[in-house]
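**Q** Here is what each chain is made of, one letter per residue.
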Amino acid sequence: MTEAQNNLPERPLSYLDDSGPRRGILGWITSVDHKRVGVLYLYASLGFFAVGVAIGFVMRLVQLNMFHHLVTAQTYNALFTVHGVLMIFLFVIPGLPPVFGNFMLPLMIGARDVAFPRLNLASWYFFMGGAIIVVIALFTGGGPPDTGWTFYVPFSLKTGTNVTLAVFGAFILGFSSMLTGINFITTIHRMRAPGMGWFRMPLFPWALYATSWIQVLATPILAITLVLVMLERLVGIGIFDPAKGGDPLLYQHLFWTYSHPAVYIMILPAMGAITEILPTFAKRTIFGYKAIAMSSIAIAGVGSLVWAHHMFTSGMSQFAIMLFSLLTMVVAVPSAIKVFNWVSTLYKGSIEFEPPLLYALTFIFLFSIGGLTGVMQGALAINIHVHDTYFIVGHFHYVMFGGTGFAFFAALLYWFPKMFGRMYSKRTAYVAWVPMFIGFNMLYFTMLVLGLQGMPRRYYNHLPMYNTGHEIATVGSWFLVLGLIIFFANLVVARFRGAQAPANPWGGVTLEWSIASPPPLENFEEIPIVTHGPYVFEPEARHEP
Amino acid sequence: MNHSVQAHEHELEHRDDFGAKLGMWLFLLTEILLFSGLFLSYSYMRARYPAEFHHAGSEMNAVLGVTNTLVLLTSSLTMALAIVAIQRGERKRAMAGVVATIVLGVVFLVNKAFEWHAEIHHGNYPGSAHLATLPPGEQVFFGLYYTMTGLHGLHVLVGISVLTVMAVMIKRGRINPDRFVTLENGGLYWHVVDVVWIFLLPLFYLAA
Amino acid sequence: MSEPSISTEATNEGPGYGTFVAVWAVLVLLTALLVLVSHSGQDAAIWGLMLITPLKAALVFYFFMHLRYEGLLLKTVIGVGLVTLIIFFALLFSDVAFR
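Protein chains in written order, with the working numbering: chain A, 1 to 545; chain B, 1001 to 1208; chain C, 2001 to 2099.
The shape of chain A in the complex, shown without the other chains:
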């Protein structure tokens, strides 16, 4: 037995102990084991998340009169740009699929790994390579980009900051996303355990499947758009430059053709994770399995039809504006279906209240606010007033942070014992939630109000009439950060000193709970043969005493 296991009762050799031909760090960064790759993504993306949070913290400070001159206006522009780039490209988009998708997908479908393990590791290298290039771009050339994460032309063509390199970094990151999508689609088609037909597959894999299609189809459009920006800056091809006949609106179309579906890359796996958590703590099967599976596909599909709702005030044709507004209303429907199904799952369930459930419920609440404000923005008359205001900022933080962020936290709390074989302090998880929830709403609900009052986004300065709102929001950000620190400190301590976790601490019934925590290298001694659907809780149906 290895030293790590001295204090613990015997358990099978896990993927954490068994590093294969190489030891230590090398054993990690050269491993093609999907579980190790998932953990690599976890540490990397959480690192970028921490930096993004820190930047957000500073941005909020600067909006207090007392600290306003902490940074210059130019620096502020760079701060919100980098905050967006880090959070979106290095945390939220990569977040759930490569971390929990990589770790859990093979386990949940009864496979030993993904379809292309070496490609999986290569995807992580692309991720880290792109990230490093982005970081280098912050400290070289003309300094960090100040264009906003959307890199709108013509400013992104004219600014002296290091847009070219940053955009190249994002380009490299795109490969990570595309290759992961290819890997997951193939894995789901080819590697499900015997007996696991499509409709016996758990709903997290369904969500990953829909997400992977978006990754495959939409990311290349971003890739070419970024290449065009680089070419414009480097050689002046003229496609976006009005002086040469180019059109900035073309850039917006191309950019949002990816970036809108991208938000569904962010939210679908989050919804999938929530769909796993609720049945386990309601001790009953998910309500409307097929509806949820099909709504994931529908969201992916319809979500690709609505991109120009980011461009209502940009100068598009009347026809396009009305068409995209209509389509935007449609895309809310499958999301709403999910919310109804989740709530119905809990109804008359035998509720076991545990930290993952609390964070999952919080997700439903925060995501609903985010979703509803999104529908509001889809209405043209409202959009004219709220576009480019704090209302938008509030909206997308509710869906991206309240939604994907909290789902990430919930998934982490749910699967942490499985991944690391340790249990964290549940009490601390509850304690962390209080300032997180209060702080989150203080921060972002206030933004919704500020936006309706007319506070523009991406502004270093603001009129005195917005002072109170900014003060509330900033104090909210402090609570939020406090909560995040407590939350992660809990997990870090548990990682090294937590009590040993059993194979199935929550009484889940999907396949990942049928093996040891942490899982052995090959996942399953024998590939299971699946004889029923994924969320069967009646003991008789599972042939258990």
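Quick caveat, the hints were computed from the structure, so don't treat them as lab data. Please note: incorrect hints may appear among the correct ones.
To be verified - Lysine-lysine pairs mimicking DSS-like chemistry, simulated, CA-CA at most 27 Å apart: (1) B:Lys1021 x B:Lys1092; (2) A:Lys158 x A:Lys283; (3) C:Lys2075 x A:Lys283; (4) A:Lys348 x A:Lys283; (5) A:Lys290 x A:Lys348; (6) B:Lys1112 x C:Lys2075.
All values derive from a computational prediction rather than experimental measurement.
Based on the hints, put chains B and C in the right spot on chain A.
**A** Below, chains B and C without anything else, positioned relative to chain A:
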């Protein structure tokens, strides 16, 4: 340590030719979507500047364009023939097919080099003084021309490199009649490169 | 299929040398037709582009890339890509064409 040895062996055991092909098709989808971004841009701009695009296109070298089309179509043929050959165990023919494809790819690139050289010589390149005197629509035309044929040429180059590796693999027997999905996948990539050019031809060379 | 399976093509399945040469000949002919049509005025050129070019591409997909002999899954994969492209073009032109 027994476990990890077993796991390693198990990894080697897992062979899924159809999965490999599926993965390749999905990758090719991303390539098609990548070029589609440029085709979207082209159609957007052509809708805005129909006359200028027509005019600039009429000055392009249609002969070179059509020649290159024939070169690539033939290279797709030789590639497809190579795969029939390996399926039938005719290793030498398979090798000949792959090598012919590579040679035709190089011919394509040489033609492209001449073409670009000529255009640059006429002052038709982004940032040139001459281009700045042309109407905006024509400037955009040339911007798209270099971007699209350039990106395509890059893919031809990558294809040539990949096929060269495959030729070596055939020689060493790693691609053989029992195991040739790798060659099939290489062929699929090459055909997509051909299809992109099939669309580029009328867009840039046949506007007259 | 949910189990990994070795899938190599039987030598009887799939087209032979002759089929591919025939397809190539058709492609060359279509290219010639395209050139001809493009000299017959703007309208003809655009029709040529819209009809002949996708036909050429379809031949390459169907025969050279073997799609004709593949199962429903691979055909659907390409179908999804095609539908996506059509949607992107159509929605983009809902703006461009009506400005």
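**Q** All the hints need checking, so say for each whether the structure fits it.
**A** Comparing the hints with the structure gives:
1. B:Lys1021 x B:Lys1092: It holds: about 24 Å lies between the C-alpha atoms, which stays within 27 Å.
2. A:Lys158 x A:Lys283: 58 Å, violated
3. C:Lys2075 x A:Lys283: 41 Å, violated
4. A:Lys348 x A:Lys283: Roughly 10 Å separates the two Cα atoms, so the pair holds.
5. A:Lys290 x A:Lys348: Since the Cα atoms of Lys290 (chain A) and Lys348 (chain A) sit roughly 20 Å apart, the hinted pair holds (cutoff 27 Å).
6. B:Lys1112 x C:Lys2075: Roughly 33 Å separates the two Cα atoms, so the pair is violated.
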